[in-house]
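Number of protein chains: 2
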Amino acid sequence: MPSPSSSSLPRVGDSVRSVDTPALVVDLDAMDRNIAAMAAYAKRHGVRLRPHAKTHKSAFVARRQLDAGAVGVCVQKTSEAEALADAGIDDLYISNEVVDPAKLARVAALAARVKLAIAVDSLVGVDRLAAAMRAVGAGIDVFVEIDVGQGRCGTTPARAGELAARATSRGLGFAGLQAYHGGAQHLRTAATRRAAIERAMAAVAIAKESVAAAGLGCPLVTGAGTGTFALEAASGVWGELQCGSYVFLDRDYADNEPTPSAPAFEHALFVKSQVMSRDDVHAVVDAGHKSHAIDSGLPTAWRRDLVFENGGDEHGILRRGRDALPGLGETVWLVPGHCDPTVNLHDRCVGVRGGLASGTVETVWLVDARGCVG
Amino acid sequence: MPSPSSSSLPRVGDSVRSVDTPALVVDLDAMDRNIAAMAAYAKRHGVRLRPHAKTHKSAFVARRQLDAGAVGVCVQKTSEAEALADAGIDDLYISNEVVDPAKLARVAALAARVKLAIAVDSLVGVDRLAAAMRAVGAGIDVFVEIDVGQGRCGTTPARAGELAARATSRGLGFAGLQAYHGGAQHLRTAATRRAAIERAMAAVAIAKESVAAAGLGCPLVTGAGTGTFALEAASGVWGELQCGSYVFLDRDYADNEPTPSAPAFEHALFVKSQVMSRDDVHAVVDAGHKSHAIDSGLPTAWRRDLVFENGGDEHGILRRGRDALPGLGETVWLVPGHCDPTVNLHDRCVGVRGGLASGTVETVWLVDARGCVG
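Taken in sequence, the protein lines are chains A and B.
Numbering of the first sequence is given in the working numbering, commencing with residue 1 and proceeding in unit increments.
Numbering of the second sequence is given in the working numbering, commencing with residue 1 and proceeding in unit increments.
No lab work stands behind these hints, which were simulated from the structure alone.
Do not take every clue at face value.
Claimed, not checked - Quick list of in silico lysine to any residue cross-link-like pairs, SDA-like style, CA-CA up to 25 Å:
id	chain 1	residue 1	chain 2	residue 2
1	B	115	B	8
2	A	115	A	101
3	A	115	B	115
4	A	43	A	66
5	B	115	A	8
6	B	43	B	32
Stated by the list, open to error - Derived Cβ-Cβ restraints for the label pairs, each shown as a range:
id	chain 1	residue 1	chain 2	residue 2	range
7	B	360	A	195	46 to 54 Å
8	B	169	A	319	28 to 36 Å
9	B	67	A	257	55 to 63 Å
10	B	15	A	112	23 to 31 Å
11	B	310	A	319	24 to 32 Å
12	A	324	B	360	56 to 64 Å
13	B	169	A	304	35 to 43 Å
14	A	358	B	198	32 to 40 Å
15	B	360	A	123	56 to 64 Å
16	B	360	A	183	50 to 58 Å
Just so it is clear, CB atoms sit at the ideal spot from N, CA and C, and this is done for glycine as well.
Okay, chain A solo, but in the shape it has when bound (with noise of 0.2 Å):
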C-alpha cells in the first residue's frame, strides 16, 4: 500500500501549522458540535438515527455518532461494510442492492459476523440473496428501496409487497421500506425540498398498502439525507434517519436555504493547502482535484474573499476577492464542495483541536473504507 514519507505524518500534539499540505483536517470541536446536535434532534423527534458511514468511511467517526445514541451505521457498498466490521463496527446497513453472487457470498460471510441489513429492489436480487445466506445458514433483514422521486435504484412503490413477500417467502427478515430521496437533498430552496419529500410521503404510502395487502407489517421506513431529513423527521412517516453529511457539512450543503425547524451545521472537514506559487494577479495552491472532489463544484476559502478557479489535478487558482491574495507558502484552508467523495480521496484525516489557525493535533485516523467501492 502507499505510504507517506514517515517524516510528513502529522504527530499527535504537532502544532495545525505544521501539517503538511494539502491534508484532510478535521476541525474536532465543529464535528462534536454536529454529532451532538444531531443525535438530539433525532433524540427529541423519537426518530433513530442511523448515520451515513458513506461521508467518513471511518470507524473512528462512526464510534463517536455511535457514543452519543446512532443505533448503528449505514454503509453504501459490501468492501465499505467489510472494513467498518474489520474495524469494530458491528451494526451496519448496505443501503444499497447487490446482485452480483460472488458479492452475494461475501455479504452472507459478512451477516455471520456482524448484524446486518440490506436494501433490495428486484425479485431477482431476492432470489441470489436468498440463496447466499442458505449457503452460510445465517439470516439477514432487507429493507425494499422503493423509487421515491429520484429515479435511480428502487421499485415502483405498488410493487413493494410483492418483493417484501418474496423475500419472507425465501426466509429472509423484512425489516421495512427504503425511501431516501437523493435528488431532493440539494434543491436549493426549502419549498422544493418539501414538495419534494411530501411526493415521497405518498410513495410511501402506496408502498405500505402495497406491503399490507401482502399481508406483512412494516416495522420501519429508513432515508433521509442532510437536506431533507427535519421534514422525514416531522412526517411520522419515516421512523430512521441516515442522514451523513451533517457530521462534515460541505459547501454544497451549506448552499441551500435552510429547513425552519432544522438545527444548523457547521463545516467541520478542511482540505489545508498552501500557496506554491504567485504573481501578482493570482495565487497557486497546492490541492487540485486530486485533493478535494468537484462533482458539486470548487471548494471555496475558509473566511476569506477570494475566486477559487479549478487549476487541475494537483494545483487551485486564488484570484482577489474583497481580500488581498495571499503570499507564497502561506496556508489556505479549503472548504470542499462535497465531502464523501473527498474523504474517498485521502487515507488519513487530521483531527484538530482548538481551531485551524493555531490548535493542535489531538488524533489521526485512517480512512478505513478508503477506496472501498466494490
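With the hints as your guide, set chain B onto chain A.
Just chain B now, kept in the frame of chain A:
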C-alpha cells in the same frame, strides 16, 4: 490501510469475467501498443521522452515506458516521487514547484538516493531548495518553469535568466526550461492547439534570450502533453516530451480533433461496472464518481450506444441510445473522462490480456502513488 476482502481480489489467470466490480482494468494489448507508438514517435523525431507518471502513478507502467526507451519519468508531487522511488524508479523529475521547507527537506533526502530534478519559478523557491540541498550535501538539477500561456505556475519568460542565474549561484544545476501548456491540451481543434503552441514557442524564445543574457546556456526545453506533443516535437524547440495520458487515453483526449502527423492512441483504461438495478427505462451500474473522475465529463459506455448520466458517488445511470439497455447483472465497460484522477481513486489495477470480452488477468499491480498528493 484499507484492503478489500481477499476473496474479491482478482488472481492471475482468472477470466476477466470474474473480476469484481467496479474495478480499474487495463487492456494490456492496447497499453503496449500505445507505449510502443509514442516511443517510436519520439525516437523518429529525435526528442527524449520522459512520460508523466501522474497519469498512472505505478512503477509497473513506468518500467514498461523505460524499457521502451523513456529517459525517466515526470511526477507532480514530492510524495509521488517518494512512492515511485520506493518502488524502484530511479530517474525522476518533479515538474512542479515546492516551496515548503519541510517538504524541500524531503526533496533533498530523495535527491541523495535517486537521480532527481525539480521545477522552480521563484527566487524564494530557489533559495529554499538550495538551503535544503546544502543541508544534505547533495546536488539537484532545476528547470526554470515559465508560463507559456496556461496562467498557472511559471515565471514570466523574461525573468527566466534571473532565476537560472540565482540557481547556479546557489549551487543548483540549471538544466533548462520547463515549458508546458496544460491549457492547450484539450483545445478541440488542431488549429487552436497549433496557435497556442506557437505562442508557447514565442515565450520560450524570450526565456532563452533571457537565459543567454544571464551568461548561461539552456541545455533542454521540456514540456508537451498528449494533446499537443506532435507540435512541440516538430518545433525544434522542445528536446523532451512529458506526455502521460497517451498510455491510457481518456475519453476527453479522444474528443480532440487529431493533430496531423500525430500517432493515434487507443483507450486502454476502463472501469468495469455491472448493472445492479434496472427498470424499463433505465439501468443503474455500480460505478459512480468514487470510481471514476468526472472533472472532464462523464464516462461513456464502451462500444455501446447508451447515454451515461451522473448517478452520484456510487451509481451511474444508463439510458437507451441506439442500443438496448443492458440487463440486471450485465457488465458495462466505462471509458473514464479523465484517466489521471480516475487511477488515483483505485489501489489496484487489473491488467488483462486478450481483450475485455473474454481475456485473462495477466497481472494485478499496485497504484504505488495512489493518494500521494503532498
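Worksheet item: Are residue 115 of chain B and residue 8 of chain A close enough, with their CA atoms no more than 25 Å apart?
Response: holds (21 Å)
Worksheet entry | residue 257 of chain A and residue 67 of chain B - C-beta distance against the hinted 55 to 63 Å | holds (58 Å)
Worksheet item: Is the hinted range of 56 to 64 Å satisfied by the C-beta distance from residue 324 of chain A to residue 360 of chain B?
Response: holds (59 Å)
Worksheet item: Measuring from beta carbon to beta carbon, are residue 358 of chain A and residue 198 of chain B in 32 to 40 Å?
Response: violated (50 Å)
Discussion item. So if I understand the rule, the pair passes when the alpha-carbon distance is 25 Å or less; does residue 115 of chain A with residue 101 of chain A pass?
Written reply: holds (20 Å)
Worksheet item: Taking the beta carbons of residue 169 of chain B and residue 304 of chain A, is their distance inside 35 to 43 Å?
Response: holds (36 Å)
Item to complete: State, for the Cβ atoms of residue 360 of chain B and residue 123 of chain A, whether the hinted interval 56 to 64 Å holds or is violated.
Response: Hint violated: Cβ distance 34 Å, outside 56 to 64 Å.
Discussion item. The hint says 50 to 58 Å between residue 360 of chain B and residue 183 of chain A; measuring C-beta to C-beta, is that right?
Written reply: Because 41 Å falls outside the window, the suggested range is violated.
Worksheet item: Holds or violated: residue 43 of chain B with residue 32 of chain B, Cα cutoff 25 Å?
Response: At roughly 16 Å apart (the allowed maximum being 25 Å), residue 32 of chain B and residue 43 of chain B satisfy the hint.
Discussion item. Holds or violated: the 23 to 31 Å window for the beta-carbon distance between residue 15 of chain B and residue 112 of chain A?
Written reply: Check passed, 28 Å falls within 23 to 31 Å.
Fill in: residue 195 of chain A and residue 360 of chain B - C-beta distance against the hinted 46 to 54 Å
holds (53 Å)
Item to complete: Would you mind confirming whether the straight-line C-alpha gap from residue 43 of chain A to residue 66 of chain A stays at or under 25 Å?
Response: holds (13 Å)
In summary, the structure is inconsistent with hints 1, 3, 14, 15, 16 from the numbered list given earlier, while agreeing with the others.
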